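**Q** Can you make the complete structure from the sequences, with help from the hints?
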Amino acid sequence: MANPEPENIAVRSLRPGSVNLGVLALVAAAAGLASGLFLAFHFAPTLDEARTSVAFLESRVLFGSFLRGLHHWAGHFAVALAALHGLHAFWRGRHHVAGSLGSTADAVEALRAHRRRWVLGCLLLLVIVGFAYTGYLLPADARARTGLDVMQGVARSTPVAGEASAAVAAGGPEVSSATLVRLYAVHSLVLPVALFLVLFAFVGGWPRLAELLTRTNALGGIAVLGCLALLAWLSPAPLGPEFDPEIGAEGQPEWFFLWVNELLHRFGSQTFLVGAVLPGALVLLGIVLPWLPRSARARRVELACAVVLLATLGWLTAAALSHDKAHDDEATSAPDTRDGPDAPGGTDETGRQRTDGDISGKVAAVFKRFRCGECHMIDDDEDGGDSGPALYRQGTDKLPPFRELYTRPYFRLKVGDPAGLWPDGGMTYRKRAGLPTKQQLDLLEHWFFDAK
Amino acid sequence: MERRDFTQRILGGAFAALLGVPGVATVLDPARRTAGSRWTDAGAAADVTAEGVKTFSYEVEAGWETRKETGYLVRDGEAIIALSAKCTHLGCKVRFKDDKFVCPCHGGMFSRTGAPEKEPVIEPLVRFVVEIKDGKVRVQT
Ligand code: FES
Numbered sequence: 001m002a003n004p005e006p007e008n009i010a011v012r013s014l015r016p017g018s019v020n021l022g023v024l025a026l027v028a029a030a031a032g033l034a035s036g037l038f039l040a041f042h043f044a045p046t047l048d049e050a051r052t053s054v055a056f057l058e059s060r061v062l063f064g065s066f067l068r069g070l071h072h073w074a075g076h077f078a079v080a081l082a083a084l085h086g087l088h089a090f091w092r093g094r095h096h097v098a099g100s101l102g103s104t105a106d107a108v109e110a111l112r113a114h115r116r117r118w119v120l121g122c123l124l125l126l127v128i129v130g131f132a133y134t135g136y137l138l139p140a141d142a143r144a145r146t147g148l149d150v151m152q153g154v155a156r157s158t159p160v161a162g163e164a165s166a167a168v169a170a171g172g173p174e175v176s177s178a179t180l181v182r183l184y185a186v187h188s189l190v191l192p193v194a195l196f197l198v199l200f201a202f203v204g205g206w207p208r209l210a211e212l213l214t215r216t217n218a219l220g221g222i223a224v225l226g227c228l229a230l231l232a233w234l235s236p237a238p239l240g241p242e243f244d245p246e247i248g249a250e251g252q253p254e255w256f257f258l259w260v261n262e263l264l265h266r267f268g269s270q271t272f273l274v275g276a277v278l279p280g281a282l283v284l285l286g287i288v289l290p291w292l293p294r295s296a297r298a299r300r301v302e303l304a305c306a307v308v309l310l311a312t313l314g315w316l317t318a319a320a321l322s323h324d325k326a327h328d329d330e331a332t333s334a335p336d337t338r339d340g341p342d343a344p345g346g347t348d349e350t351g352r353q354r355t356d357g358d359i360s361g362k363v364a365a366v367f368k369r370f371r372c373g374e375c376h377m378i379d380d381d382e383d384g385g386d387s388g389p390a391l392y393r394q395g396t397d398k399l400p401p402f403r404e405l406y407t408r409p410y411f412r413l414k415v416g417d418p419a420g421l422w423p424d425g426g427m428t429y430r431k432r433a434g435l436p437t438k439q440q441l442d443l444l445e446h447w448f449f450d451a452k
Numbered sequence: 453m454e455r456r457d458f459t460q461r462i463l464g465g466a467f468a469a470l471l472g473v474p475g476v477a478t479v480l481d482p483a484r485r486t487a488g489s490r491w492t493d494a495g496a497a498a499d500v501t502a503e504g505v506k507t508f509s510y511e512v513e514a515g516w517e518t519r520k521e522t523g524y525l526v527r528d529g530e531a532i533i534a535l536s537a538k539c540t541h542l543g544c545k546v547r548f549k550d551d552k553f554v555c556p557c558h559g560g561m562f563s564r565t566g567a568p569e570k571e572p573v574i575e576p577l578v579r580f581v582v583e584i585k586d587g588k589v590r591v592q593t
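If you read the protein sequences in the order shown, they are chains A and B.
Under this note's numbering, the residues of the first sequence are numbered 1 to 452, in order.
Under this note's numbering, the residues of the second sequence are numbered 453 to 593, in order.
The set of hints was computed from the structure by calculation and includes no laboratory data.
Treat the hints with care, as some may be off.
Stated by the list, open to error - The calculated SDA-like cross-link candidates involving lysine to any residue, where the alpha carbons are at most 20 angstroms apart (straight line), are:
#, chain 1, residue 1, chain 2, residue 2
1, B, Lys-506, B, Arg-527
2, B, Lys-520, A, Ser-53
3, A, Lys-414, B, Trp-516
4, A, Lys-414, A, Thr-52
5, B, Lys-552, B, Arg-579
6, B, Lys-506, B, His-558
7, B, Lys-506, B, Gly-495
8, B, Lys-588, B, Lys-552
9, B, Lys-520, A, Lys-414
10, B, Lys-538, B, Ala-496
11, B, Lys-520, A, Phe-449
12, B, Lys-520, A, Val-190
13, B, Lys-545, B, Arg-564
14, B, Lys-520, A, Val-150
15, A, Lys-414, A, Phe-449
16, A, Lys-414, A, Asp-383
17, B, Lys-520, A, Arg-369
18, B, Lys-520, B, Lys-552
19, B, Lys-538, B, Arg-527
20, B, Lys-545, B, Lys-588
21, B, Lys-520, B, Val-578
Quick caveat, the model's predicted, so the values are computed rather than measured.
**A** Listed below in structure tokens is the structure:
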């Protein structure tokens, strides 16, 4: 060992008997790596096939949904735990060397090792966030396609070399399969290698890893695995609808990028500044912390700035979330222009005005568009078909068969993306009319579950 | 020290079980799937003459895709035989040449009706069930 200092710090910084968030983040990251290794067997990184292959894994492969759920939650846990670990370190002033700085060779060496470790920690966090960022784009569902466009847009906003940056980011002039292949290479090759290298330096060699797994930490790790298993089982990873050019952009990025997205939204003309320079500057600020002056006063300023910064990020995130919700509501209540001029009237096949005023015009338009009535009797409408179960609103006293099996997520899957369940999903409408949009699905869900 | 090793071991075991079991299961999953058989229209019976062969294409569900595969129709007197193009040695696609099916991979050869004629091929080409109705050929693949 040329430089024994880092590992001493790694182990010394463990407090016996208390659990170390960094070690827990590592357990989550390891679960992410292991599950990702198996997911790679099932993923086709092309724009046309990515979502299809993921949907196939989710619906047809035994344990596929569970495995992807583990991967999804492991990523979220790793990001959250690593970020908390970093904040904790900052709170305890770990970026500064404790005690007075002498000028002896030892003290200088200690300081260097200390800074090195801080920088490595920052890099580790960056790598983990990099995993999460590329990971959410890979399935190429509607949300990811939106994210891919934004990524390219931010790259394009680079001064002087805009087009060149966009082309490098997207692997071509437009987002294409080449973009996904790039992201996949980064996600599954570059970042894992980077993780191993940085982690190796950060903990000071693999033998140290075993030492970091004290009894408390090992128990904590078991708890993390338990949470991952439970979440993967109860709340599988989301897979959005296919990208629909008629609807265009849809969905928000992962929660830890919401603040950037909100800034991009607010400062429309300053894309490069808020989308690249600002996040970059924040990262840089985090990295150079150990070089900033240290005194009691500087420390107070530092903490105050951190609080303000965190509050701002939190506020931006909250704003993005409420903005997203408002957008959803608006989309649901706006007349759906995709249904043609006669949509709100709710006329049926023969052009006759519907007699059941109970079904509000917009839902009726959706039923009509997908010709649900060909197979289902809807709200006692005698003209309805009978090859599918009769459908009733929640408010009626008649309930369709197996109503209790229809949870909202299942309903959305069954109605919104039946092929995601099994081929055809027992629904035939998509051959006639394609998949419903999110707004249309919202209307149906509302009618089925909430309408009185 | 001993207890620490114990919890470490439980963590390792839990990790291996939680990730390994579902992971390996998904990798082995294709073994559960067998290609379903379906009927494919293969054109007019009159097009299949005593000379040469006629190709037809059929679909196979494989993974998340539906792949197009090619088979051969040959006339055998009154009957029509539908042959898979897959060589029975190691599965290369055979070609029809000089009234024989020749495999480019290891020099195997089949007769026009799919009988093995030259090593390393020993099994005949796979035959699909054929149905002729109103002059149209249907093949169960
Ligand atoms: S695969 Fe045809 S001869 Fe070997």
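**Q** Tell me, in ascending order, the numbers of any earlier hints that this structure violates.
**A** 6, 8, 9, 10, 11, 12, 14, 16, 17, 18 and 20
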